[in-house]
Amino acid sequence: MRRWPAIAAAMVALGALSGAAAYQHVAPRQDERTGAWQEIAWPFPRDGWPAGKAFRCGVAACGAEVAVYVRPKIGFCNCDRGVADDDEVDRVADLDLMSQHFVPRAPGDVVRIADMPGRIRAYDLNMSDGSRHAAIGVAVSRRCDLLVAVAHGRADAPELRRAALELLATREMTRWAMAAMEGR
Amino acid sequence: MSGRLKLAASFSILFLAYPGIASAQQQVIGAPPEERNMKLVGASDLQARSGYQPTIHHQGDRWIAYIGHHGGSDDIPAPVNPQTGKAEPNGTSIVDVTDPAQPKYLRHLPGQEGKYESGGAQMVRICDGKALPKGDRNAVYMLRTFGGEAHEIWNVADPANPVLITRIAGLKDTHKNWWECDTGIAFLVSGAPDWRTRRMTQVYDLSDPAHPQKIRDFGLPGQEPGSTGAVPTELHGPISTGPSGNRVYFGYGTNKGGFLQIVDREKLLNGPKEPTADNLRLPEIARLAMSAFNGAHTTFPMPGMPIAEFAKDKDGKTRDIVMIVDEAILNECNEPRQMVWFADITVENRPMMISSYTVPEATGSFCERGGRFGAHSSNESMAPVYYKKMAFISFFNAGVRALDIRDPYHPVEVGYFIPSITAATDKRCVKIDGKDRCRVAIQTNNVETDERGYVYIVDRANTGLHILELTGPARVVAGIQ
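From first to last, the protein sequence lines stand for chains C and V. In this text, residue positions in the first sequence follow our numbering: the first is 1, and each later residue adds one. In this text, residue positions in the second sequence follow our numbering: the first is 1, and each later residue adds one.
None of these hints come from the bench; they were simulated from the model. Certain hints may be false.
To be verified - Among the chain V residues that face chain C by a calculated CB cut under 10 Å, a handful are: (1) 80; (2) 118; (3) 148; (4) 229; (5) 231; (6) 330; (7) 433.
Claimed, not checked - Take a look, some chain V residues computed to stay more than 10 Å from chain C by CB distance: (8) 138; (9) 281; (10) 365; (11) 451.
Because the structure is a prediction, the values reported are computed rather than measured. Glycine included, every Cβ here is placed at the ideal spot set by N, Cα and C.
Using the sequences plus the hints, can you model the full thing?
The structure is reproduced here in structure tokens:
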């Protein structure tokens, strides 16, 4: 008769432990650092896609305040063509999280991130307060899935691009991107 | 054992047996179909091609089913056509269903090379030449997509020997067109190369199918050439109520950020045509935004529905309703649930969602069965046999669901049919720890009805065409003897 509470407690403990382990496995730690980059909480309200990872780099390390937001978009790509043109980057790269009004500066370039091909493009973001910032949009794909990133800040576009690509090329981000694209 | 110990033991057994319960829901070859108030009348394997849009046409004294196909699969990019002995890229199947118990496969018309959504000839609409203002009275015209690159019109008066009439090419994508047979006006879902979206509308006058006349391009402000900033969700498909209704209902999005756009047809056809933001805005009456979690695959209008509950009300006894069907796109529930929504658009500039419907997942452990689970499309026939009374929804691994929609504020499921899988049914995979884990399940993709009341469902996973009829209480709802 006394076994019942023990069984129940064991099951609850087992569930809690596995839940905690799963959380540890997938949830980013707020103070986790990737070089000069500090991971911060995803700052945008919920939309159609789950939140991704957000990072900030300070003046000391990056020359200016820079922020990068990156997330997978599963099932959102032309499965055969991938990210074939700059229009696709305009559509998917999450620039609209910061402003609905953005203007490309120039045609984009081919890029490869975490071994996935895609495109990168520079923009001017017109913010609601009237200010104007440079931004970089990135979209790469594998099969029918996308990984998108957007970088913005007070740096100029080439500097933003360099900083964003440097972050996305780190071993930690590559490992995370590959896992995220597999839903892990 | 004490009572509580027995209870704990039972829970433990249930816990350990759970994977067994889930696997018991897996479909197996040879098992009977699952059904309630619907039964199988006949079937065709459609040469094991991935089925998309079926359209059933009463052609003389025959009934012909025209069925669009997706491209082939990785394993079989171009299935062999037993009638020709050749491997052919998936295109259009033409099947005589005059006797629905004995469908006769007449012809496979190959489509664009390419796999899955990149090839085939997914969509098909039919108009009689005698209905079109400038058509050949002896012709029957089939409008179909040719992969993503073109729209085609064929004369299928002899459905076993179609003849190509017209091709509208140079596109970057196509999808679910609408063609008004009495006017010839067609709303072609295309990807014009210079537009910023994969899919938008090209309005054509196809009253003389041999000489298509383009009327205009149409889309949402932000999609037009030269625009900047955020790009609105791409079009999935329109449905027009023609000159009498003077409305076109556009559905945007598939499984995300969808909305219904209500457009004044006359202003769309005759308004300023230059694709500027202002000109694109002009014909729009209203938009109904959906959750970011859902898209609008099908927007099926049902104007003037009498609502029994409101019969004694001095105003608002009848309501204009649009049924909106989302599309599930990811396998094994890896997305928010895609389902069916009913919008009351009686006050057009204040459309409001009034009800919803989904298949209860637990009734079939559908998230564990394999493949997609969720809505995809509805029948689009407006024939009196079912119009404003019943709707049929394809729900991927949950088969087809028959809804009593006479009170659209409270839609009720009255029947379903989930076909058996066969050796042709293709697998569907998800990534588990970086590796593919695949399962085989029915993927009822699209559904259509004919004026006789037969229900036609086709399978995305290559299981073919199933022709069904209602039984029992579901027949009573439709008023079928």
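Hints and how they fare:
no.	hint	verdict
1	80	violated (23 Å)
2	118	holds (4 Å)
3	148	holds (9 Å)
4	229	holds (5 Å)
5	231	holds (4 Å)
6	330	holds (5 Å)
7	433	holds (7 Å)
8	138	holds (40 Å)
9	281	holds (16 Å)
10	365	holds (20 Å)
11	451	holds (37 Å)
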